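Peer 1: Assembly of the complex is requested from the two constituent chains, each provided in isolation within its own frame, with the hints serving as guidance.
Going down the list, the sequences are from chains A and B. Residues in the first sequence are numbered from 1 upward in steps of one, following the working numbering. Residues in the second sequence are numbered from 1 upward in steps of one, following the working numbering.
Keep in mind the hints are simulated off the structure, nothing from the lab. As the structure is a prediction and not an experimental result, all values here were calculated from the model. One should not assume that every hint holds.
[Unchecked claim] Derived DSS-like pairs (lysine-lysine); straight-line CA-CA distance at most 27 Å: (1) K137(B) to K36(B); (2) K205(B) to K181(B); (3) K243(B) to K10(A); (4) K205(B) to K189(B); (5) K204(B) to K265(B); (6) K204(B) to K153(B); (7) K98(B) to K29(B); (8) K29(B) to K10(A); (9) K205(B) to K10(A); (10) K189(B) to K10(A); (11) K181(B) to K10(A); (12) K81(B) to K10(A); (13) K10(A) to K265(B); (14) K137(B) to K189(B); (15) K243(B) to K137(B); (16) K10(A) to K150(B); (17) K242(B) to K10(A); (18) K98(B) to K81(B); (19) K181(B) to K170(B); (20) K61(B) to K81(B); (21) K30(B) to K81(B); (22) K204(B) to K10(A).
[Unchecked claim] Among the chain B residues that face chain A by a calculated CB cut under 10 Å, a handful are: (23) K92; (24) K181; (25) W207; (26) E232.
Quick reminder that beta carbons are idealized off the backbone N, C-alpha and C, glycines included.
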Amino acid sequence: MSHRETYENKEIGLIDILDTVLDKGVAIKGDIIISIAGIDLVYLDLRVLISAVETLVQSNMDSQKLSSERFDQEKEELTYATERS
Amino acid sequence: MSQLFYLYGIISSSNDQKNLFSSYQGIDKKHELEVKEYGELSAVFCYVDEEEFGEEVLEEKTNQMEWVQEKAFHHHEMLIKLRENATIIPMKFCTIYKTEQNLQSMIDSYHQQMKDLLQQLEGKEEWNLKIYCDRDKLTENVGDHNLNIKKKKEEIAQLSKGRQYLESRKLDQYIQQEVEKEQEQFSSKIHDQLTEYSVDDTVKKNWNRDVTGRDEEMCWNSAYLVPIEKVESFLALVTEAKKTHQEAGWIFEATGPWPAYHFAKL
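If we strip away everything but chain B, and leave its shape as in the complex, we get (with noise of 0.2 Å):
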């Protein structure tokens, strides 16, 4: 029986780790984790059959959601684990390799690179930030108090019938346009002011609300990387923005400590 590596990332070695991982059990829930050790680094792994995690198996066992919902669930849950133990540079889920050789390989090209790596992610945490709107709340605020719509709606209001619908399905429009502006402008204000603590940070891409089963509407969806001395002031921030922006209609969703996944670049 041919046995893989599933690699959940590379961490720095130190005397202390080999114990330190050994009792939690691995993605096949039949082995234990083990740390080898390659010079500067090691590597956080689990042996795994090929009849479970060859290529093959793989192609077909990533079609079943349930299977994939699990192994993504372990997957992260140990990655979660390994952080609160060391500085880790986190593999993607599903990273395996047929032979020890392949993986000792990949570190000794990677070697300088991951070293570096490890020394930017020392000390610090991932921190994930969604900011959601009501937006129909949203809406009627932005109507409130922009003064070109309120101008308009009083100009609406003296046309005649036929214009009048005419001319207030363009409001509408408008009103949108000046919403989807609000969200933009409000949230980056946020996200400047959360970046004076961060070493870096990304936005990503909004989620519609089938993704997020959520009637609010997600107007913000961004990573940091925080050093860890700074995490309460960041997170200060984000509570105080919640409480003085939550009448208005703005919800504030932050998570972590992440592995840091969104930093982790080779």
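In isolation and in its complexed conformation, chain A is listed as follows (with noise of 0.2 Å):
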């Protein structure tokens, strides 16, 4: 077996498809009418960040408690990468 056949058609986690199609990809801003995919995207990527790694927050620590310290903490990470990107 050649090693593309190990690596190709992996499942993909839905969080890394997010990261990529809404933060890469080409965007022209200006010409889009659509505002979502020109200037106020990154509002979007936040946005959708957000909500994903909370989705994702309450399904894998389901019987733990998360504090809401903790989650604002991490909600400032993601702006702060997202402002960096």
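Peer 2: Set out below in structure tokens:
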């Protein structure tokens, strides 16, 4: 079996897909009429990523209680990450 | 009812493309994908209704996580399929044009850049790599193999109880710093080896555990643009590294081939 066959078509995590299709790929500012693909995208990214994280955190830590403090910290980190990219 | 253009990507025009994608179902599950020629470039898109994809509706829809997940997944799936058949400049999720004129004028003004970009992407694939590590295992390893740490541990053993406590805490901090250094050094060494096979690469931010939902810590997150003929060697290196470093708690995850999301910049 080739190495390619080992790796290709492997299941890709949703967060991976979201991170990529919302953040990467070509978007041309100004030319696109719908605003979410233009200037507002950073805002959308952040919102979507935060809710994605929220969902993930909830499903991953079913039994564990998540302190709001910790969650705020996550949010801050995400905000930082998104602003940086 | 007004129709908008949901654009998936831009490909080079060719004779047989018309029927290539026509049977694919579009993002709204109503329209099929279409290819429209604009000289040497062609746009792969599907019509969507303003009622569903108009600006205001979209504003609302993007607040619904389920909708975003489903549609983003479709966008990704479709680009994977398109990529298998043609070199493509992938557009961002929800790149929508109100009129064909807008789409055409965008293509007109970026004509040369898009042609150049398609040429650069031709015959290459994007592969992504994430390296994770078992932090406890690594901490143990670093503690066992770092001479500085060994020496300090011996010194601490000679101290009084009170000072031992204080110095141990300091040492713990130092060990954690060394662990992070080791993560960085280990990963960038692998990265350097991989870039031998790639023509372009990008290092992304690591995600923390709540994002990945894993016990292991992410220590590297990167993307590579690899010429097709080098993909086997590239992946062989990943497999080799995976086997060699498994014992020490390193986990490698390569995914691909992706549409060249990280390298399609205009």
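Peer 1: So, for every hint listed, does it hold in this structure?
Peer 2: Status of each hint after checking the structure:
no.	hint	result
1	K137(B) to K36(B)	violated, 55 Å
2	K205(B) to K181(B)	holds, 16 Å
3	K243(B) to K10(A)	holds, 18 Å
4	K205(B) to K189(B)	holds, 17 Å
5	K204(B) to K265(B)	holds, 16 Å
6	K204(B) to K153(B)	violated, 36 Å
7	K98(B) to K29(B)	holds, 19 Å
8	K29(B) to K10(A)	holds, 25 Å
9	K205(B) to K10(A)	holds, 22 Å
10	K189(B) to K10(A)	holds, 25 Å
11	K181(B) to K10(A)	violated, 31 Å
12	K81(B) to K10(A)	holds, 15 Å
13	K10(A) to K265(B)	holds, 26 Å
14	K137(B) to K189(B)	holds, 20 Å
15	K243(B) to K137(B)	holds, 16 Å
16	K10(A) to K150(B)	violated, 42 Å
17	K242(B) to K10(A)	holds, 16 Å
18	K98(B) to K81(B)	holds, 25 Å
19	K181(B) to K170(B)	holds, 17 Å
20	K61(B) to K81(B)	holds, 25 Å
21	K30(B) to K81(B)	holds, 18 Å
22	K204(B) to K10(A)	holds, 21 Å
23	K92	holds, 4 Å
24	K181	violated, 21 Å
25	W207	holds, 8 Å
26	E232	holds, 5 Å
Checked against the numbered hints listed earlier, the structure breaks hints 1, 6, 11, 16, 24; every other hint is satisfied.
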